[in-house]
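**Q** Sequence:
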Amino acid sequence: MTTTAAAAARKKAGAATAAPALTRVKELSPALADRECSFKVVVMESNAKDEANASANATLLVGDDSGCVSLVLPKSVAAHVRLGDILQLTQTQVVLKNGRVYLWGGRVERVGEFLLLFKEALNVSTITWVKDPANPDVMIPGKNPSKRPKQAAAPPAAPAPAPAAPAKA
9 MTTTAAAAAR KKAGAATAAP ALTRVKELSP ALADRECSFK VVVMESNAKD
59 EANASANATL LVGDDSGCVS LVLPKSVAAH VRLGDILQLT QTQVVLKNGR
109 VYLWGGRVER VGEFLLLFKE ALNVSTITWV KDPANPDVMI PGKNPSKRPK
159 QAAAPPAAPA PAPAAPAKA
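Numbering (the working numbering), first residue to last: 9 to 177.
Honestly, I wouldn't trust all of these hints.
What the hints assert, rightly or not - Have a look at the derived ranges for each label pair, beta carbon to beta carbon: (1) Asn131 <-> Ala60: 35 to 43 Å; (2) Asp140 <-> Asp42: 34 to 42 Å; (3) Pro82 <-> Asp140: 13 to 21 Å; (4) Pro141 <-> Met52: 29 to 37 Å; (5) Asp140 <-> Ala60: 36 to 44 Å; (6) Asp140 <-> Ser84: 21 to 29 Å.
Unchecked claim - In silico EDC-like links for lysine to aspartate or glutamate, alpha-carbon gap of 16 Å or less: (7) Lys105 <-> Glu53; (8) Lys48 <-> Asp58; (9) Lys48 <-> Asp145; (10) Lys83 <-> Glu53; (11) Lys83 <-> Asp42; (12) Lys48 <-> Asp140.
It is worth saying that the hints were derived from the structure and are not from the lab. Bear in mind the structure is a predicted one, so any value in this text is a computation, not a measurement. Every residue gets a Cβ at the ideal spot worked out from N, C-alpha and C, and that includes glycine.
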């Protein structure tokens, strides 16, 4: 085998084992819906061991240094995941359901624990996406219906009159 052929063989073998490009949580949007992406995230919350939940799926809140998102996994898989675990998610589907973005399934691999920065402030699963009135082909972040609108302060009520003293006879 010539050196050129050997180099080509090494390059081909290396390309097959290359890690997929990672998607950051803050990049999630409806434009990525129905696509498979890869993530490296830390587990922040899980309902896998919740006895009251009769569903076959568990929801985990996972995040990276750019934000967090809900991940739906079968309970049989989620039961082995602990809080603080760092997961490598590959072939994970981005789903738009009821106007919100979620991650669904995929291949889950535990690659560490407690050593990944994360940002809990930006939860992209709580953003409701609506169609743009100007261009129905585009989705934009809408108002979050789960938040109550602030009510205007009511004007102060007039004080009640004091009761009259009984008359003496």
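**Q** Take the hints in turn and mark each one as holding or not.
**A** Here is how each hint holds up against the structure:
1. Asn131 <-> Ala60: 35 to 43 Å: Because 23 Å falls outside the window, the suggested range is violated.
2. Asp140 <-> Asp42: 34 to 42 Å: Because 19 Å falls outside the window, the suggested range is violated.
3. Pro82 <-> Asp140: 13 to 21 Å: Violated: the Cβ-Cβ distance is about 35 Å, outside 13 to 21 Å.
4. Pro141 <-> Met52: 29 to 37 Å: This hint holds: roughly 35 Å between Cβ atoms.
5. Asp140 <-> Ala60: 36 to 44 Å: Distance hint for Asp140, Ala60 holds at roughly 39 Å.
6. Asp140 <-> Ser84: 21 to 29 Å: At 40 Å between Cβs, range violated.
7. Lys105 <-> Glu53: 20 Å, violated
8. Lys48 <-> Asp58: 25 Å, violated
9. Lys48 <-> Asp145: Not satisfied, since the Cα-Cα distance of roughly 31 Å exceeds 16 Å.
10. Lys83 <-> Glu53: 14 Å, holds
11. Lys83 <-> Asp42: 22 Å, violated
12. Lys48 <-> Asp140: 31 Å, violated
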